[in-house]
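Chemist: From first to last, the protein sequence lines stand for chains A and B. With positions in the first sequence counted from 1, the corresponding number in the working numbering is that position plus 2. With positions in the second sequence counted from 1, the corresponding number in the working numbering is that position plus 35.
Worth flagging that the hints you see were computed from the coordinates, not collected in a lab. Predicted model, so just to flag it, every value in this text is computed and none were measured. It is possible that part of the hints are untrue.
Simulated crosslink set (BS3-like; lysine-lysine; CA at most 27 Å straight-line) [unchecked claim]:
hint	chain 1	residue 1	chain 2	residue 2
1	B	Lys-160	B	Lys-112
2	B	Lys-287	B	Lys-112
3	A	Lys-171	B	Lys-39
4	B	Lys-293	B	Lys-112
5	A	Lys-128	B	Lys-39
6	B	Lys-192	B	Lys-160
Simulated coverage check for chain B against chain A, where a stretch passes if three residues somewhere in it have a Cβ under 8 Å from a Cβ of chain A [as the list claims (entries may be wrong)]:
hint	stretch
7	58 to 64
8	262 to 272
Virtual Cβ for every residue (Gly too), placed ideally from N, Cα, C.
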Amino acid sequence: MPEHPLRTLITACSRLETDSFQQLYAIVQPKVFSYVSYRTNTREQAIDVTQDILIELNQSLPKFAYHSDAEFFGFVFTITRRVLARHYAHKHTKAARVQSDVELDEIAPVESESEMVLAVRQALEKLDTAERDIIVLHHWSRYTFGEIGAMVNMTEGAVRTKHHRARSKLAHLLDVTS
Amino acid sequence: MPTKPTLESILAETTPQLTEVESTRLLAQVVAARSVAKVASPYQFNIFVFKPMSYLALVLVLLLGAGGTVAASGSAKPGDLLFPIDRATEEVRLALASDAQKAALQNQFITERFAELQAILNEEKVATGTVSATDGALLNASSSLLAASSTLQFTAKVFTDDTVIQTTIGSSTPVFFTTTASSTEAIVASVVDRYGVPVSFVIAHITIADQHRPSTPSDSGGTTVRASGESRVANAVAVLALQLAAQTDSTKREAYLKTLMNEVSAVRVSGRDDAPLRLDATRVKIENDTTEVRTPNERVRIEQKDGQVEIRVDHRGSGHSESENDDRDHSVSATRTSVSTTSTEVHESEDRMDESEHSDDEDRVSFRNLNSSATASTTFISGRHGGRGNDDNNQELHGARHGGDDSRSEDGRDN
Numbered sequence: 003m004p005e006h007p008l009r010t011l012i013t014a015c016s017r018l019e020t021d022s023f024q025q026l027y028a029i030v031q032p033k034v035f036s037y038v039s040y041r042t043n044t045r046e047q048a049i050d051v052t053q054d055i056l057i058e059l060n061q062s063l064p065k066f067a068y069h070s071d072a073e074f075f076g077f078v079f080t081i082t083r084r085v086l087a088r089h090y091a092h093k094h095t096k097a098a099r100v101q102s103d104v105e106l107d108e109i110a111p112v113e114s115e116s117e118m119v120l121a122v123r124q125a126l127e128k129l130d131t132a133e134r135d136i137i138v139l140h141h142w143s144r145y146t147f148g149e150i151g152a153m154v155n156m157t158e159g160a161v162r163t164k165h166h167r168a169r170s171k172l173a174h175l176l177d178v179t180s
Numbered sequence: 036m037p038t039k040p041t042l043e044s045i046l047a048e049t050t051p052q053l054t055e056v057e058s059t060r061l062l063a064q065v066v067a068a069r070s071v072a073k074v075a076s077p078y079q080f081n082i083f084v085f086k087p088m089s090y091l092a093l094v095l096v097l098l099l100g101a102g103g104t105v106a107a108s109g110s111a112k113p114g115d116l117l118f119p120i121d122r123a124t125e126e127v128r129l130a131l132a133s134d135a136q137k138a139a140l141q142n143q144f145i146t147e148r149f150a151e152l153q154a155i156l157n158e159e160k161v162a163t164g165t166v167s168a169t170d171g172a173l174l175n176a177s178s179s180l181l182a183a184s185s186t187l188q189f190t191a192k193v194f195t196d197d198t199v200i201q202t203t204i205g206s207s208t209p210v211f212f213t214t215t216a217s218s219t220e221a222i223v224a225s226v227v228d229r230y231g232v233p234v235s236f237v238i239a240h241i242t243i244a245d246q247h248r249p250s251t252p253s254d255s256g257g258t259t260v261r262a263s264g265e266s267r268v269a270n271a272v273a274v275l276a277l278q279l280a281a282q283t284d285s286t287k288r289e290a291y292l293k294t295l296m297n298e299v300s301a302v303r304v305s306g307r308d309d310a311p312l313r314l315d316a317t318r319v320k321i322e323n324d325t326t327e328v329r330t331p332n333e334r335v336r337i338e339q340k341d342g343q344v345e346i347r348v349d350h351r352g353s354g355h356s357e358s359e360n361d362d363r364d365h366s367v368s369a370t371r372t373s374v375s376t377t378s379t380e381v382h383e384s385e386d387r388m389d390e391s392e393h394s395d396d397e398d399r400v401s402f403r404n405l406n407s408s409a410t411a412s413t414t415f416i417s418g419r420h421g422g423r424g425n426d427d428n429n430q431e432l433h434g435a436r437h438g439g440d441d442s443r444s445e446d447g448r449d450n
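In isolation and in its complexed conformation, chain A is listed as follows (with noise of 0.2 Å):
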């Protein structure tokens, strides 16, 4: 059976390997930012919230036990849920509610984006949370219905029935073809 690559990197980076570290870096970091994106208010923020978890990541690696793929990008969004529930309660931020639980209802605000950007956010407010959060997971950060399931604690099955749902609200909300 041959070895999962992930599971290798993670194993090279609970060494300490840097160049592992790299990798693992390039597959986790574009999706904790773009979840991250859509519950800051600021990029500057998205990106300082990313570095914290990332860091946070870093320095839990040799605690965790790789299972599967979804188990380690659950073990990610945890983190993730943590340092962003921490972001909120000591930020203070006036644009963003400040809630010490991520399950936050609306989308951040945003200060300046694109008239698209702006659209789709505006569009994303419309979604409930697990709908929301299923297609920024899914469109954004890419990952799989498998993950998904085992992030928010529901079954591919479900994921699948929310995301078709909220994929159609949001093609109607934006007027697009689904």
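Position chain B relative to chain A; hints supplied.
Modeler: Chain B only, in chain A's frame:
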């Protein structure tokens, strides 16, 4: 007609991404954060920082260290650093012992105290040269003895237990040694063995006298202690006297106190004109023939008059004892020792109070003791149990001597 964009393309187009520069900078910061090792504050001492093995090591060190200290304290003498631990260990053993075991332990500990006092006195003997002289350091060569033959004299005093041989050269301080030999031949042989001098020489210079009584430390010339060692000996005496005061068996207590009295009375301090031991600093007072030990609750007084020893223990009440059977206010006993009789007699006597206050509800206990085998006889003078409301409940009981047996009895009540 332009075609509508798909949701897929719009979401892909709006996906937040870091630029290559931002990504590289972010990676550098994350890696840099990883390389900065956490350093514990030097001011932090938190037990939670320790790992389990640290706890185990700490516990082992404490246990083994404490055990070693307690074991080491077993050989400590009064005045030593570890002696309080030795005493504390004994107190714990006493507290945990049953009544039967307690009496045996008390005797064991008192015997240890006597041995420790003797060890201290022996050290002082060595320090002052009296032992080394006896052992031959001063008189180590037969030639020196022979050269000094004109002024040399051996005096052997044969006691009922030991024979003490005194060696005197001119006006120098005599030295002593003790032997179990009792016949003339054996005594001469022991002197010959000790000093390596001819038998005829010993026979020519020895005087042997039967004493018909047990020996006392003073018969062996006593112990001369250094002025610097005086406080150490005094401390050992005080510790022993205080432990004796706690001895529950009054017969044994009095016997022990008599032995202590004999030991202390034979101690002299070097360089102070043959002065006796000063024990003031330890609340022990020795004047002429009287030794007194004071504690907050008790006073032990040992007095020697005309060859007789009188021992008195005063228990001071708390001031709250109204009951006539209150143990805290119980009696005092006194003993007299005579070297001329072969019987011990005890009987009740009239009371003599140290203080003016005296209540009517007193118990008097008299007891008799006969030690027919001893050449020294002891007269126990009646004790009394009395409850009084005053703070200082000193009582002294006297008795006249009369014939009796070796049993102890309680009789009589005084009012």
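Chemist: It remains to establish, for every hint, whether it holds in the given structure.
Modeler: Results of checking the hints against the structure:
no.	hint	result
1	B:Lys-160 with B:Lys-112	holds, 16 Å
2	B:Lys-287 with B:Lys-112	holds, 23 Å
3	A:Lys-171 with B:Lys-39	holds, 16 Å
4	B:Lys-293 with B:Lys-112	holds, 21 Å
5	A:Lys-128 with B:Lys-39	holds, 21 Å
6	B:Lys-192 with B:Lys-160	holds, 21 Å
7	58 to 64	holds (count 4)
8	262 to 272	violated (count 0)
Figure legend: structure checked against the earlier numbered hints; the only hint not met is number 8.
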